[in-house]
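Engineer: Sequence:
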Amino acid sequence: MTFMRFRAEQLADYLRESIQRGELRDPLPATRGWSKELGVGRTTLDEALSNLRREGLVTIVPGRGVRLNPAARAVARRSAGHPRLIRMLYSAHDYPYTLSHLNWVAMLEERLYLHGAHVKLERYSDARWPAILRRSGPGEELFVLCSLSPKRQRLFERSRKPCLIVGQPAPEVSLPFVRCDHEGMMRHATHRLLRRGFARVSFVAARCAAPAIPFMTDVFRSACAEWPRQPVDAQVVLMPLELSAMATAARHFAASITGRHGILVMAPIPVGMIQTAITRYASGAAGQVEFIGLLTTEPDIGVCPLPAHYPAPIERIAGIVANAAIRYFDTGALPTLRKIVGLKLIPESCPD
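Its first residue numbered 1, the sequence shown is counted upward by one per residue in this note's numbering.
Hints should not be assumed to be uniformly reliable.
[What the hints assert, rightly or not] Simulated crosslink set (EDC-like; lysine to aspartate or glutamate; CA at most 16 Å straight-line):
#1 Lys120 / Glu110
#2 Lys344 / Asp181
#3 Lys344 / Glu315
#4 Lys339 / Glu315
#5 Lys161 / Glu141
#6 Lys344 / Asp126
#7 Lys36 / Asp46
#8 Lys120 / Glu109
#9 Lys151 / Asp181
#10 Lys120 / Glu141
#11 Lys339 / Asp126
#12 Lys339 / Glu183
#13 Lys151 / Glu110
In case anyone wonders, no lab produced these hints; they're calculated from the structure. Fair warning: this is a prediction, and the values are worked out from it, not measured in the lab.
When you get a sec, could you build the whole thing from the sequences and use the hints?
Structural biologist: Rendered as structure tokens:
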């Protein structure tokens, strides 16, 4: 096809349509050879590319040529009818239960539906990693990593796939993330118990490879060690996530409780399970134990009275993730996100 008599605007229309069809991809040819291939003068091609530059589709770098902008690649993929998909990955080994993640899916779907995006919840396993790595189809995909170990976070970072971490990133991982203020919550909760005169405090959490667990353990121990009125007996109790094994661990922990004791319970370990276990199996501990739930959902606190707790800000985090995903799908570039969401303590209560 020749453009010998076409004006620059007509050439720009042709190039724009080629971008939309996905026919133009980086690296773009040098303008000298490209103009000959198109059958137009370099001046005409330069004017057409200037039009595309003003539209944000290309960048012209003097001495280095022309390249497509992320927005152009996004337009090309959408025009080809490829789906927008958020793939939420959680560790099948480290975090086998999906209830809290299903809440995420519903909230994200609600926010992204009008933008033509969908959410898929997937169990990650090492056996599936080669298939994930090979997947390089033309569709628009964003990986949202939940409860993945530092090793697996590093795998995704090295893959250079578009990824966003929900939760605590590993110290050496620089992927975008949104997480709760774990440190602020843990210090506030620990100090609350210590101010109430509890010299024995326990932090109960899941035994898994999620980076938040060792991070919050360090904060808990530090807060206890720095408390001015010593000694403070600080205990960390890690429980399995398999339900029957968790119940057994809760019973053994409850049997060890005597006297005044402050207990912090972090989801997905239900604070309600620990509270009922102590009510039944802790001899002589009635009225002497205080609980605080960390990052709770409603099923975690299904007891009366409702324990003091910091609700997981699922709706707020879902909104942040949705906005980041929309920006990625619209521009082709994932925003640099380092978002820490604050938490609020809900005091103990027994509704009328």
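Engineer: For the pair supplied as a hint, Lys151 and Glu110, confirm whether the alpha-carbon distance does not exceed 16 Å.
Structural biologist: Measuring from Cα to Cα gives roughly 32 Å; hence the hint is violated.
Engineer: Please verify whether Lys339 and Asp126 have alpha carbons no more than 16 Å apart.
Structural biologist: Answer violated: Lys339 to Asp126 is near 28 Å, above 16 Å.
Engineer: Regarding the pair Lys344 and Asp181, is the alpha-carbon distance no greater than 16 Å?
Structural biologist: 10 Å, holds
Engineer: Taken at face value, is the distance from the CA of Glu315 to the CA of Lys339 at most 16 Å?
Structural biologist: Judged against 16 Å, a Cα distance of about 14 Å means the pair holds.
Engineer: For the pair we were handed, Lys120 and Glu109, check the Cα-Cα distance against 16 Å.
Structural biologist: Within the cut-off at roughly 9 Å; holds.
Engineer: Do the alpha carbons of Lys161 and Glu141 lie within 16 Å of each other, as the hint requires?
Structural biologist: At roughly 9 Å apart (the allowed maximum being 16 Å), Glu141 and Lys161 satisfy the hint.
Engineer: Mind checking the alpha carbons of Lys120 and Glu141 for me, to see if they're no more than 16 Å apart?
Structural biologist: It holds: about 10 Å lies between the C-alpha atoms, which stays within 16 Å.
Engineer: Next pair to validate is Lys339 with Glu183; report whether the Cα-Cα distance is within 16 Å.
Structural biologist: 14 Å, holds
Engineer: Please work out if Lys344 and Asp126 have their alpha carbons no farther apart than 16 Å.
Structural biologist: Cα-Cα ~36 Å, so violated.
Engineer: Does Lys151 pair with Asp181 here, judged by a C-alpha cut-off of 16 Å?
Structural biologist: Violated: Lys151 and Asp181 sit about 23 Å apart, past 16 Å.
Engineer: Is it true that the CA of Lys36 sits at most 16 Å from the CA of Asp46?
Structural biologist: 13 Å, holds
Engineer: Given the hint that Lys344 pairs with Glu315, test it: the Cα-Cα distance must not exceed 16 Å.
Structural biologist: 14 Å, holds
Of the numbered hints stated above, those contradicted by the structure are hints 6, 9, 11, 13, listed in ascending order.
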